[in-house]
Amino acid sequence: MLEHIWLIPLFPALGALTQLLIGRRLSNKAVSAVSVGLPGLSLLWALGCIVEFFRLPSDVHVFNKVLYSWLPAGAFRLADGSLSNLNVHVGFQLDPLSTVMLLVVTGVGFLIHVYSIGYMGHEGGYYRFFGYMNLFMFSMLVLVLANNYLMMFVGWEGVGLCSYLLIGFYFQRGSASDAGKKAFVVNRIGDAGFLLGVMLMAVTFGSLDFQEVTAQAISGRFPVGSSAIVAICILLFIGATGKSAQIPLYTWLPDAMEGPTPVSALIHAATMVTAGVYMVARSNALFILAPTAMALVAGIGAATAIWAASIGLVQNDIKRVLAYSTVSQLGYMFLACGVGAFGAGIFHLMTHAFFKALLFLGAGSVIHALSGEQDMRKMGGLWGRVPTTAKTMLVATLAISGAPLFSGFFSKDEILWKAFSSPYGSLLLWLVGFATAGLTAFYMFRLFFLTFAGQSRVPHEIEHHIHESPKVMTIPLICLAVGALAAGYIGWPKILGGSNHFEHFLEPVFENPRAMPGFEHAWQSEFGLMLLSVGVALAGFLVAYFWYVKRPETPQLVAAKARPIYQVVLNKYYIDELYDALFVNRAKNLGNALAAFDLGVVDGGVNGVAWSTRMSGEVSRFWDTWVIDGLVNVTAFVVKVMSYPAKLIQTGGVQTYAWMITLGVLIFMAYYLVHF
Amino acid sequence: MIPTSYYILLGSGLFTIGVIGVLTRRNVLIILMSIELILNAVNINLVALSQYFRSVDGQVFAIFVITDAAAGAAVGLGLIIALFRNKETVNADEIDLLKW
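Protein sequences, first through last, are from chains A and B.
Under this note's numbering, the residues of the first sequence are numbered 1 to 676, in order.
Under this note's numbering, the residues of the second sequence are numbered 1 to 100, in order.
Think of the hints as simulated: they come from the structure by calculation, not from any bench.
In this text, all values refer to a predicted model and were calculated from it rather than measured experimentally.
Dumping the calculated DSS-like pairs for lysine-lysine here, alpha-carbon to alpha-carbon at most 25 Å:
#1 A:Lys550 / A:Lys391
#2 B:Lys99 / A:Lys640
#3 A:Lys471 / A:Lys391
#4 A:Lys588 / A:Lys572
#5 B:Lys99 / A:Lys647
Coverage of chain B stretches by chain A, computed from C-beta distances (three or more under 8 Å per stretch; other residues unrestricted):
#6 9–23
#7 86–99
Note that beta-carbon positions come from the ideal geometry of N, C-alpha and C, so glycine has one too.
Just need the whole structure built from these sequences, with the hints factored in.
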């Protein structure tokens, strides 16, 4: 199976082709069979490949399958003057890191496809939805299985395209198509950074293969802090901030919630937005050589984590809270990568994929039950009405808040511990992460209590229709809940008597002799930090409980007291407005100016040429009418004038002719008389 | 016996009168009659010269001319009647359709 690893992305590609070519003619049942079946096959094939990968000899950590040479660029001179032979292949690589990503993408992706059968069942464009979803799966699998940066970039652009298509799925709604455009344009900015990074990499290393680049980076050819490497890392990270919604390019993700909820779960929570984290982790050997870039990654990550969490505190749309939560959690992952704990970042990526997908699907189930209502102020008291959804949501909420023994607890604590203890970390980074953990627990329980606890605030006419979602939706919820609960156990830390299998598993990818050596810390400090973060999560939970369950009038009072601050946060710090003023409107003005230039100068030139041609035609016509035709007419006139005397003879009168005959005869006779 | 020259002079006079009639009169009927005069002047010449040359050819030819004149008169009168029906006139001046 491993030899045919390329089949994994191929299956969903076939599904996408089917749906987008003939899907319109297929029944909904056939569409679901094809488009859920093929990702299912992909999942099975991936599992087969992974089992085979584990059976490889224990010193083999990478399986590389090159299909064919894609861009044989030939020999060219590198930045340092040496000759190199750049050859980009279409090839697939399986190593511990891509194994994790592969499992997340195919596993969570398949569950969300199943869920979509129920969620999208009554929507128009069913085949279109699944076509795009399958296309997304294909692109994402290319992204995580690629063995070089350029192929990764192909997947990267593919998922961006699918994200655009699916955000704008309800394209009749102006806000949805605007959100799609925004996501695409903002991602474009990041993608430009990524592409520049890849180009710089090509002229620095002469290769784009992960293995080759990593080997060169570790070999010591480049010193730590080498400017080319720092530039590459920063450019790559710009790409990551676009795709993974980090400051300053995070604004598209909350708007992306205009798409259908399964899309939010799959693309904007579990898989696509984590591509940036994956890419940074994949480039870990480069980042280790660029401490400046590492600090930037950690700083941006931490800042994004607390910034987005603070916005999430006050949002009222259930999906927007989750969107800001996603941005914030992605910040955590970058924080981890930035302090050199790539394993912890990927660990959090994996657990986050489970619980955030579950949260979104749960929110989707609630929205489904409430006939499309997304405003949490019009929810409440749903605990008994949608029991399965509520229970699975509780599991996910506990997991993301970092409740002990749930998956988020292990991954988040590992990140916080690394932020504190790593040679790249600092107390400040830990403090920001720690505060974010408290905010996270608060806004997640706020969401949970507003939705499921207390008195129902559902409008009367919707109240009747509240129903638990069908099995096809609840079973994926249960599967994900199991994941959200248990996915953390593979990374059970040493301090709690485990052995952190996950980190050992990823070690071959992240092992780097050039990384700064860590210091030894007393186990008490790790344990102490763990207790502290559990404490802050508990505090967040308690505040949420008192504010939203015990005394539901408190939030209004607090908001009224701190009105200016509340307004600023509710309006997302007016960042969108700032961007509009600084960049969007400038760009529009530039566009208008160019349009004016086009209309005035370019079109004017063309019109001028047309005008002069027309005028020369006029001159030509004048010559023709008056000179050429004139000559002909003059000739005719002369002939006419000269004919005038001749025609006088022809009177038509018989006697005139008789006279002429007579005269003629007389003349002849006279002639004869004279001569003979 | 009357000398032949008298006949010739008579024929010439008749011919001249006929020609002047054709050329000067406006009435088509008169023109037709003038043509008859011309023909008969020729007949007189033919008969007189036949007598003079002791040959019967001239007299035979005169018979032909009389026949031809009769036929011509019939056709001419028919034409004049058709013309009068169309144009309501027998004036040669007004029959000038062939002018340029």
